[in-house]
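Novice: Those sequence lines, one after another, are chains A and B.
According to the numbering used here, the first sequence is numbered sequentially starting from 450.
According to the numbering used here, the second sequence is numbered sequentially starting from 450.
Some clues are possibly wrong.
In silico BS3-like cross-links for lysine-lysine, where the CA-CA straight-line distance does not exceed 27 Å [as the list claims (entries may be wrong)]: (1) K575(B) <-> K527(B); (2) K645(B) <-> K674(B); (3) K575(B) <-> K674(B); (4) K674(A) <-> K674(B); (5) K674(A) <-> K567(A); (6) K596(A) <-> K674(B); (7) K575(A) <-> K674(A); (8) K757(A) <-> K674(A); (9) K758(B) <-> K674(A); (10) K674(A) <-> K519(B); (11) K616(A) <-> K645(A); (12) K562(A) <-> K750(A); (13) K567(B) <-> K674(B); (14) K717(A) <-> K717(B); (15) K674(A) <-> K596(A).
If you're looking for bench data, these hints aren't it; they were derived computationally from the structure.
Small disclaimer: the values here were computed from a predicted structure and weren't measured.
There are 2 protein chains.
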Amino acid sequence: MLRKRLLYLAQLSAVGFGGYYIGQNKEKYCDFLYGNSVTVDGKRILNKPGLPVFGTVSAATPFVETNGSKDRISQIMKYGFPGLDNVRSYDDFVLSYDRRNRVPHWVFEHITKDHIAKNDAVDRSKCEFHPDESIHPFFRSQNTDYKRSGFDRGHMAAAGNHRLHQKHVDQTFFLSNMAPQVGEGFNRSAWNRLEKHVRKLTKVYDNVYCCTGPLYLPRRESDGKSYVRYQVIGANCVAVPTHFYKIVVGESSDGTLDMEAYVMPNQKIPDETPVSSFMVPPETVEKAAGLLFFDKIHRSKLNRINGKKV
Amino acid sequence: MLRKRLLYLAQLSAVGFGGYYIGQNKEKYCDFLYGNSVTVDGKRILNKPGLPVFGTVSAATPFVETNGSKDRISQIMKYGFPGLDNVRSYDDFVLSYDRRNRVPHWVFEHITKDHIAKNDAVDRSKCEFHPDESIHPFFRSQNTDYKRSGFDRGHMAAAGNHRLHQKHVDQTFFLSNMAPQVGEGFNRSAWNRLEKHVRKLTKVYDNVYCCTGPLYLPRRESDGKSYVRYQVIGANCVAVPTHFYKIVVGESSDGTLDMEAYVMPNQKIPDETPVSSFMVPPETVEKAAGLLFFDKIHRSKLNRINGKKV
Numbered sequence: 450m451l452r453k454r455l456l457y458l459a460q461l462s463a464v465g466f467g468g469y470y471i472g473q474n475k476e477k478y479c480d481f482l483y484g485n486s487v488t489v490d491g492k493r494i495l496n497k498p499g500l501p502v503f504g505t506v507s508a509a510t511p512f513v514e515t516n517g518s519k520d521r522i523s524q525i526m527k528y529g530f531p532g533l534d535n536v537r538s539y540d541d542f543v544l545s546y547d548r549r550n551r552v553p554h555w556v557f558e559h560i561t562k563d564h565i566a567k568n569d570a571v572d573r574s575k576c577e578f579h580p581d582e583s584i585h586p587f588f589r590s591q592n593t594d595y596k597r598s599g600f601d602r603g604h605m606a607a608a609g610n611h612r613l614h615q616k617h618v619d620q621t622f623f624l625s626n627m628a629p630q631v632g633e634g635f636n637r638s639a640w641n642r643l644e645k646h647v648r649k650l651t652k653v654y655d656n657v658y659c660c661t662g663p664l665y666l667p668r669r670e671s672d673g674k675s676y677v678r679y680q681v682i683g684a685n686c687v688a689v690p691t692h693f694y695k696i697v698v699g700e701s702s703d704g705t706l707d708m709e710a711y712v713m714p715n716q717k718i719p720d721e722t723p724v725s726s727f728m729v730p731p732e733t734v735e736k737a738a739g740l741l742f743f744d745k746i747h748r749s750k751l752n753r754i755n756g757k758k759v
Numbered sequence: 450m451l452r453k454r455l456l457y458l459a460q461l462s463a464v465g466f467g468g469y470y471i472g473q474n475k476e477k478y479c480d481f482l483y484g485n486s487v488t489v490d491g492k493r494i495l496n497k498p499g500l501p502v503f504g505t506v507s508a509a510t511p512f513v514e515t516n517g518s519k520d521r522i523s524q525i526m527k528y529g530f531p532g533l534d535n536v537r538s539y540d541d542f543v544l545s546y547d548r549r550n551r552v553p554h555w556v557f558e559h560i561t562k563d564h565i566a567k568n569d570a571v572d573r574s575k576c577e578f579h580p581d582e583s584i585h586p587f588f589r590s591q592n593t594d595y596k597r598s599g600f601d602r603g604h605m606a607a608a609g610n611h612r613l614h615q616k617h618v619d620q621t622f623f624l625s626n627m628a629p630q631v632g633e634g635f636n637r638s639a640w641n642r643l644e645k646h647v648r649k650l651t652k653v654y655d656n657v658y659c660c661t662g663p664l665y666l667p668r669r670e671s672d673g674k675s676y677v678r679y680q681v682i683g684a685n686c687v688a689v690p691t692h693f694y695k696i697v698v699g700e701s702s703d704g705t706l707d708m709e710a711y712v713m714p715n716q717k718i719p720d721e722t723p724v725s726s727f728m729v730p731p732e733t734v735e736k737a738a739g740l741l742f743f744d745k746i747h748r749s750k751l752n753r754i755n756g757k758k759v
């Protein structure tokens, strides 16, 4: 009986998510990204988008180290904090810092047409990558960690989403907002196209809320067991994530909410791969990241998830 | 000049920590465990025990999901929270849960003679391992995750430290207090000896404060690069830590404070290996774990660290 149920769930997964592109070793990451179920008391149950999400995280008043104005932070974080570990806010984005891995857990942005409009007063070429002094020196990444590592200092909050003031774009260059990304074929192409796609959503939605971060996904190895394996770079052992995610909610003027969720492998991706092929069910990202995204919105209140009617 | 300084520091490290036993692949883990220095703005500086530790973590009022009494929690956490991620308290211990890895970040205990005294009203054999319903089902480990994995459900807060009431020992059997440990030769021997050593400290000190948790240490591989690699078990991908740490502070009746810090590899360890050979400088554990231990005690106020006068 249980076996039958599991087979049924496995089939559902195969039908539902078979088309997603999760890198060259697609099948090996499947447990995390293709399974749309959760194990409770030993039983695997299907995890529908409408499953009530425990509201404990957002219910707490988080301790936020504040640079930005309270109003702006409230606006950015309108739909809930994905987690509460080492949260700090900047003038135009909020992040949670992973002190063990020296990269963010998540970075939250609120983007409108105004934030991304061409602005002659803002010059990205004036920006410099700099260590974030607000992070304890034990856990602070440095430019020297990235030097000669072969990896880009990849923005989590994209510089191009913060064009209202020079200070806003400057702050996206804090190393606390970076994670090591493969440069050619990823940061400078596929990932960049995903960032542009998110900006284009401001043409459709009045408000775009975007959460971005790293993943460390397990892979089945030749011994049949699953392992998480990732490189660390520099004297401060900065983690090189295996994947990155983006979870986006678009809010229309009539209050309609649509969600899109993406996971991309941190590797060279063929230029012709469409952004849509990286869509994954948001729950799979939540389970892999240990975070709950937009938990102030009950999933059943969403209009569409990844383009499909809820 | 800088080169000379680095050489000097390297020599210091070699002299100071050469005797530590960090498992079979000792030299490969050395960056994290032997280096007693920190990189600031590209320079490696010696990190003396007296280095001021940023007090931000303990200064914040943490959000604690409470089972135990406020007074007891204050007593257990007297010397500061190592981190503030998903903190939850039980009647006789406090833990921070790593939702990504489905094991604790840290577990804090306050132990006295009374807590470990023989008590006929308490029967450990009545205890059962059970999932912690206070953890969201996405991130909750289950008994089935451990079944046939080859790993023990290893207590972080040790059952033997909570003998005042049956409820106290019962709560140490929550799976949120467990991490996968090698059974034979580790959990049932070397690690057990370390737990017994901590209990024996109550003969010397009025109050013993003990923080325990997992580590995921990078290793240099044959390509010359460093990687973190660890197995994950079960449908919920519970992480198998590469190492475990214990940081202990003993408080004498006159207020004198001594600290001991241990790191053990999660592997079979020869029976004759003395517990003292696993001592490491506490700062190395802090850097590897992304946590700050006993940060309400300035290190210069400690009398001894690992048996040596500060």
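Novice: Each hint: holds or not?
Specialist: Hint by hint, here is what the structure shows:
no., hint, result
1, K575(B) <-> K527(B), "violated, 31 Å"
2, K645(B) <-> K674(B), "violated, 38 Å"
3, K575(B) <-> K674(B), "violated, 48 Å"
4, K674(A) <-> K674(B), "holds, 23 Å"
5, K674(A) <-> K567(A), "violated, 50 Å"
6, K596(A) <-> K674(B), "holds, 14 Å"
7, K575(A) <-> K674(A), "violated, 48 Å"
8, K757(A) <-> K674(A), "violated, 35 Å"
9, K758(B) <-> K674(A), "violated, 46 Å"
10, K674(A) <-> K519(B), "violated, 43 Å"
11, K616(A) <-> K645(A), "holds, 21 Å"
12, K562(A) <-> K750(A), "holds, 25 Å"
13, K567(B) <-> K674(B), "violated, 50 Å"
14, K717(A) <-> K717(B), "violated, 40 Å"
15, K674(A) <-> K596(A), "violated, 34 Å"
Hints 1, 2, 3, 5, 7, 8, 9, 10, 13, 14, 15, counting from the list given before, are not met by this structure.
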